[in-house]
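Visitor: Listed below are the residues making up each chain.
2 protein chains.
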Amino acid sequence: MESETKNLVGQSRIPLLNWLPSYSKALLSGDIMAGSIVAIVLLPQAMAYAMLAGLPPQIGLYSCVLPILLYAALGSSRTLAVGPVGLMSLMVGEVIGGLNLSSGADVLFVAVSLALLSGGLLVLMFVLRFGSIVNFISHPVLSGFTSAAALIIGVSQLKQMLGLDMPRAAHFYETTINLVNAAHTINPATAVLGIAGIAVISGIRTPVLNRFLVGLLPKLLYAVVSKSGPLIAVIGGTVFVWVFELDRTSGVTIVGEIPSGLPRLSFPRGDWEMFVQLLPMATVIAIVGFLESVSVAKALASKKRQKIDANQELLALGCANIGAAFSGGYPVAGGLGRSMVNFSAGANTQLASVLTALLIAFSLIFLTPLLYYLPRAVLAAIIIVAVFGLFDLKTLKHVWEYDKAEAACLLVTFFAVLIIGIEWGILLGALVSIGIHLQRSSEPHIAIVGRVGNTEHFRNIERHSVTTCSRVIAMRVDENLYFANTSFLEDYIMALIADNQQAKHLVLICSAVNKIDSSALELLDTLIERLRYVGVNLHLAEVKGPVMDQLKKTSFLVRLQPGQVFLSTHVAMQTLDSGQNFTTDPDFSSE
Amino acid sequence: MESETKNLVGQSRIPLLNWLPSYSKALLSGDIMAGSIVAIVLLPQAMAYAMLAGLPPQIGLYSCVLPILLYAALGSSRTLAVGPVGLMSLMVGEVIGGLNLSSGADVLFVAVSLALLSGGLLVLMFVLRFGSIVNFISHPVLSGFTSAAALIIGVSQLKQMLGLDMPRAAHFYETTINLVNAAHTINPATAVLGIAGIAVISGIRTPVLNRFLVGLLPKLLYAVVSKSGPLIAVIGGTVFVWVFELDRTSGVTIVGEIPSGLPRLSFPRGDWEMFVQLLPMATVIAIVGFLESVSVAKALASKKRQKIDANQELLALGCANIGAAFSGGYPVAGGLGRSMVNFSAGANTQLASVLTALLIAFSLIFLTPLLYYLPRAVLAAIIIVAVFGLFDLKTLKHVWEYDKAEAACLLVTFFAVLIIGIEWGILLGALVSIGIHLQRSSEPHIAIVGRVGNTEHFRNIERHSVTTCSRVIAMRVDENLYFANTSFLEDYIMALIADNQQAKHLVLICSAVNKIDSSALELLDTLIERLRYVGVNLHLAEVKGPVMDQLKKTSFLVRLQPGQVFLSTHVAMQTLDSGQNFTTDPDFSSE
Numbered sequence: 000m001e002s003e004t005k006n007l008v009g010q011s012r013i014p015l016l017n018w019l020p021s022y023s024k025a026l027l028s029g030d031i032m033a034g035s036i037v038a039i040v041l042l043p044q045a046m047a048y049a050m051l052a053g054l055p056p057q058i059g060l061y062s063c064v065l066p067i068l069l070y071a072a073l074g075s076s077r078t079l080a081v082g083p084v085g086l087m088s089l090m091v092g093e094v095i096g097g098l099n100l101s102s103g104a105d106v107l108f109v110a111v112s113l114a115l116l117s118g119g120l121l122v123l124m125f126v127l128r129f130g131s132i133v134n135f136i137s138h139p140v141l142s143g144f145t146s147a148a149a150l151i152i153g154v155s156q157l158k159q160m161l162g163l164d165m166p167r168a169a170h171f172y173e174t175t176i177n178l179v180n181a182a183h184t185i186n187p188a189t190a191v192l193g194i195a196g197i198a199v200i201s202g203i204r205t206p207v208l209n210r211f212l213v214g215l216l217p218k219l220l221y222a223v224v225s226k227s228g229p230l231i232a233v234i235g236g237t238v239f240v241w242v243f244e245l246d247r248t249s250g251v252t253i254v255g256e257i258p259s260g261l262p263r264l265s266f267p268r269g270d271w272e273m274f275v276q277l278l279p280m281a282t283v284i285a286i287v288g289f290l291e292s293v294s295v296a297k298a299l300a301s302k303k304r305q306k307i308d309a310n311q312e313l314l315a316l317g318c319a320n321i322g323a324a325f326s327g328g329y330p331v332a333g334g335l336g337r338s339m340v341n342f343s344a345g346a347n348t349q350l351a352s353v354l355t356a357l358l359i360a361f362s363l364i365f366l367t368p369l370l371y372y373l374p375r376a377v378l379a380a381i382i383i384v385a386v387f388g389l390f391d392l393k394t395l396k397h398v399w400e401y402d403k404a405e406a407a408c409l410l411v412t413f414f415a416v417l418i419i420g421i422e423w424g425i426l427l428g429a430l431v432s433i434g435i436h437l438q439r440s441s442e443p444h445i446a447i448v449g450r451v452g453n454t455e456h457f458r459n460i461e462r463h464s465v466t467t468c469s470r471v472i473a474m475r476v477d478e479n480l481y482f483a484n485t486s487f488l489e490d491y492i493m494a495l496i497a498d499n500q501q502a503k504h505l506v507l508i509c510s511a512v513n514k515i516d517s518s519a520l521e522l523l524d525t526l527i528e529r530l531r532y533v534g535v536n537l538h539l540a541e542v543k544g545p546v547m548d549q550l551k552k553t554s555f556l557v558r559l560q561p562g563q564v565f566l567s568t569h570v571a572m573q574t575l576d577s578g579q580n581f582t583t584d585p586d587f588s589s590e
Numbered sequence: 000m001e002s003e004t005k006n007l008v009g010q011s012r013i014p015l016l017n018w019l020p021s022y023s024k025a026l027l028s029g030d031i032m033a034g035s036i037v038a039i040v041l042l043p044q045a046m047a048y049a050m051l052a053g054l055p056p057q058i059g060l061y062s063c064v065l066p067i068l069l070y071a072a073l074g075s076s077r078t079l080a081v082g083p084v085g086l087m088s089l090m091v092g093e094v095i096g097g098l099n100l101s102s103g104a105d106v107l108f109v110a111v112s113l114a115l116l117s118g119g120l121l122v123l124m125f126v127l128r129f130g131s132i133v134n135f136i137s138h139p140v141l142s143g144f145t146s147a148a149a150l151i152i153g154v155s156q157l158k159q160m161l162g163l164d165m166p167r168a169a170h171f172y173e174t175t176i177n178l179v180n181a182a183h184t185i186n187p188a189t190a191v192l193g194i195a196g197i198a199v200i201s202g203i204r205t206p207v208l209n210r211f212l213v214g215l216l217p218k219l220l221y222a223v224v225s226k227s228g229p230l231i232a233v234i235g236g237t238v239f240v241w242v243f244e245l246d247r248t249s250g251v252t253i254v255g256e257i258p259s260g261l262p263r264l265s266f267p268r269g270d271w272e273m274f275v276q277l278l279p280m281a282t283v284i285a286i287v288g289f290l291e292s293v294s295v296a297k298a299l300a301s302k303k304r305q306k307i308d309a310n311q312e313l314l315a316l317g318c319a320n321i322g323a324a325f326s327g328g329y330p331v332a333g334g335l336g337r338s339m340v341n342f343s344a345g346a347n348t349q350l351a352s353v354l355t356a357l358l359i360a361f362s363l364i365f366l367t368p369l370l371y372y373l374p375r376a377v378l379a380a381i382i383i384v385a386v387f388g389l390f391d392l393k394t395l396k397h398v399w400e401y402d403k404a405e406a407a408c409l410l411v412t413f414f415a416v417l418i419i420g421i422e423w424g425i426l427l428g429a430l431v432s433i434g435i436h437l438q439r440s441s442e443p444h445i446a447i448v449g450r451v452g453n454t455e456h457f458r459n460i461e462r463h464s465v466t467t468c469s470r471v472i473a474m475r476v477d478e479n480l481y482f483a484n485t486s487f488l489e490d491y492i493m494a495l496i497a498d499n500q501q502a503k504h505l506v507l508i509c510s511a512v513n514k515i516d517s518s519a520l521e522l523l524d525t526l527i528e529r530l531r532y533v534g535v536n537l538h539l540a541e542v543k544g545p546v547m548d549q550l551k552k553t554s555f556l557v558r559l560q561p562g563q564v565f566l567s568t569h570v571a572m573q574t575l576d577s578g579q580n581f582t583t584d585p586d587f588s589s590e
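In order, the protein sequences belong to chains F and Y.
Start counting the first sequence at 0; every next residue gets the next number (numbering that gives the first Met the number 0).
Start counting the second sequence at 0; every next residue gets the next number (numbering that gives the first Met the number 0).
Treat the hints as calculated values from the structure; they're not laboratory data.
Certain hints may be false.
Because identical chains cannot be distinguished in the list, a pair is counted as satisfied if it fits within a single copy or across any two copies.
Stated by the list, open to error - Once the Cα atoms are required to be at most 35 Å apart in a straight line, the calculated DSBU-like pairs of lysine-lysine come out as: (1) Lys543 to Lys24; (2) Lys218 to Lys552; (3) Lys552 to Lys24; (4) Lys543 to Lys403; (5) Lys393 to Lys218.
All chains, full assembly: derive it from the sequences and hints.
Guide: Okay, structure coming up:
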């Protein structure tokens, strides 16, 4: 086990030990640059996401110190930037909103418990090598879920961005209704700040402004400025509120006092009853966070021909989340946008992330008083811009063109997440996509084949001009033989035999059969009996090596006799046809 | 739709109209013989099963009149014998036991409701063409479920067979504990009757006695006697109790008064709250009954090259169950043992079943007073002998040899049904078997292939001596490409490219790929980009017709360029290798 893991991750169980000893100065400038820029992006983002989760802003910052350091030591990705992310913040917020907690201490306890539980689940999945569980979530389900989450997040931020006076709601439809009812309570000053925030953050990304900045600024400064939209909005908004005293005169909600100093390390309290209640959502948080992190890490690693070890990521993300729990934070993952910033700003190793963590720690110690007048509307603007790109109509369009049933699955997930909630919505989507897959393979494509001209090739009699033989039927099943399609296959073959009274041999061509499960083996046994009863012998052809190995474990090949397993359809037809009908085959041209 | 159905069932929506008009006298003797023998088997069995379900014995007989007549008219099987069966009686009993009903009227109401609900569900499945839902239950799951059910049924009958004084329990483990605790309350007279019953019923089936009887009796009488074990036990037991007054002197429980006369037709009362509560179990009853009936019907039909239409069976069984509900019966299905008796006694058409129903009706009108002294221990013996054959260790042995994971799935189902109950046990088993299937196909067999000698064949480089080329990698994936294996495939290909730095082309051989879903298409798009970034072109080869048709719906083939789709691996290697390395290929022998 040890050596296997070593191979996968390179040299050691702790990836840090692979790159740190051989660290060269040439890598340093890139790492410093990237680490600083990510800190600038992360500082306001972490506070904004914490507030999306219904938590005080410092909790977001606490989640950016120890977790980042732990991931830097254990993660197999060189450039993944860990910290609070939108989807998980939304889910934490949904849990907190649904529990009707009275005290702030309870809210923090739930956040810490979720981090501890999802971290523990990830480590458990690492121990059990269960990383493959994420395989059961298909691309359409993920896309539908992400779009729905983006919509929920965006709508939930309108309250803060426009300064509406409305109660917090657990469900999307309640939030929407509350928004409409509270539309008249809009706070003009807040709305101006929020809309200006969106304009600054998204404006600085527009191609026109980008080209202008490239010409104006030195290259290094440009790299910093072009990523600093959120920071500029934060500084501008804070100064504006402070100068015009908008918090007192115009009712603009501000962040207020943030306790300064690093998070205190503490052992999270245990409450079994609460843990049991939180477990379903913690599972979804763990899986979604793992999915997002690994897909981002893989995309970045492939650009440098580096490898990601999904199981190592389970360990690293698990430890990062447990670290978050021990330092008063909430669940973290590798974020897409932030990691892209890290990568494109030149990060070479996780040293960049170490620097990010140190800069966030510095801010926690010295800069929190400066954030007193930061308007929440600006934080809401940061989130809205961040999630806007997640709303994914393109995938729906592509999937719709390609496969209507999968598109339906995407839409089911999207609406289910909006209507019945995140964890049940994503579960329903996953079940529907598995159901579609099983349903499809339960009615496989079956071709009756014949010989093409004078060759050894056998093709579908409905698509090609081929020679057949009335005594021998050759059928190719284009699917694994397993429980979901045994019934279809049974009906198909018995109908085939009923319709071809002259047939004496049936050759089942297994070139597309990668697996025969025990239900299908049982069916083959039944078919041997039933076909023999009506004077037909069953044969197999082109059985693959692994399938043959498994069949040999049983006495099936004995029960098949006088039926045989032929290497190729050609040999089967040559042997069984006894020289009849194949006028095109030179070997049998005497008849 | 109409014409399609006509084709499948022969000529008409009502199969009765196919065989009755052309009925010939030659068929009559077989039908009369079979119908009479089945009635002899069914009379005691129906009462025994009703009592297994916790119902008065006449309910079992009521379930043998109208339901049998309806199935005879609508069923696509010529020989299936419908009526109460063990598995469904057990499930009805579990529902009744779990509800803690006080009055006998409530018990009857639940039984009738279950028949109405499961009948309605079957007709609904017929309308929606949902017969394929049964495909999702694999053979090991079914075997595990049947064995567990046989065990539960057998154990539950020990109380009646031995005359134990113990309370009725809802769960198997409670029943077992109660049995052990009540072992000392055994009633000697009852136990003697019960054991004698088992001896008579199973004794008459033994080869030795059978050979003796064949020599002794005329052929016709032998056919009747050899199936009459239950009836002989019933008559013997009844006479014994009546003569020695065992019910009063020795505490033998007797059936007592059975109301004589046919069931009254009545419209079942509706109680929505109860219906909602019964729905999950009614669904399982409907599916299990359908599964058992169709598999028995298929097995018998194949012996005469007849066809079974699964959707027509949904309609016929649905109507039979609704008929049971309207005539005071409980859920019915086609039983294995009884149908085998019917078939082997010479039944040619459902006229045999019509006769069975008429004989049961006759018994209800005239013979019920004779059953007053029938000891319940004999009915329990009938059930125990009937379910003994269902306990299926052979399948476990076969599946264990063939595939350990599927054997585990069988055992999970077996113990889950015993421990957590029938409907959740079977659901868990189905989910586990689907999970195993997905897990398997999520790590497909992948072969890197090379040219075999001087041929156009390409085989696994690990199994065969083949020629390869360092610039072109040809890999064959032996599985459909779909969401469960995209992640594995991505990792495999990126590692392959990282390990083969000279590679310029990757050919994905799709000869075993019957389906590419949208998640896999997304992966292929990602791979095109990532491979291009590191200087490798992706190509496809041997893509099947239906898969190619679907790919052509998108702009994938444009995005693939300069990658191509080759007709065969041979053509791909010829084109991409540019004459290098293939010293064995005559076309490129110049180098």
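Visitor: Does each hint hold? Answer for all of them.
Guide: Hints versus structure:
no., hint, in the structure
1, Lys543 to Lys24, "neither (54 Å within a copy, 53 Å between copies)"
2, Lys218 to Lys552, "neither (68 Å within a copy, 44 Å between copies)"
3, Lys552 to Lys24, "neither (59 Å within a copy, 51 Å between copies)"
4, Lys543 to Lys403, "both (33 Å within a copy, 20 Å between copies)"
5, Lys393 to Lys218, "within (34 Å within a copy, 76 Å between copies)"
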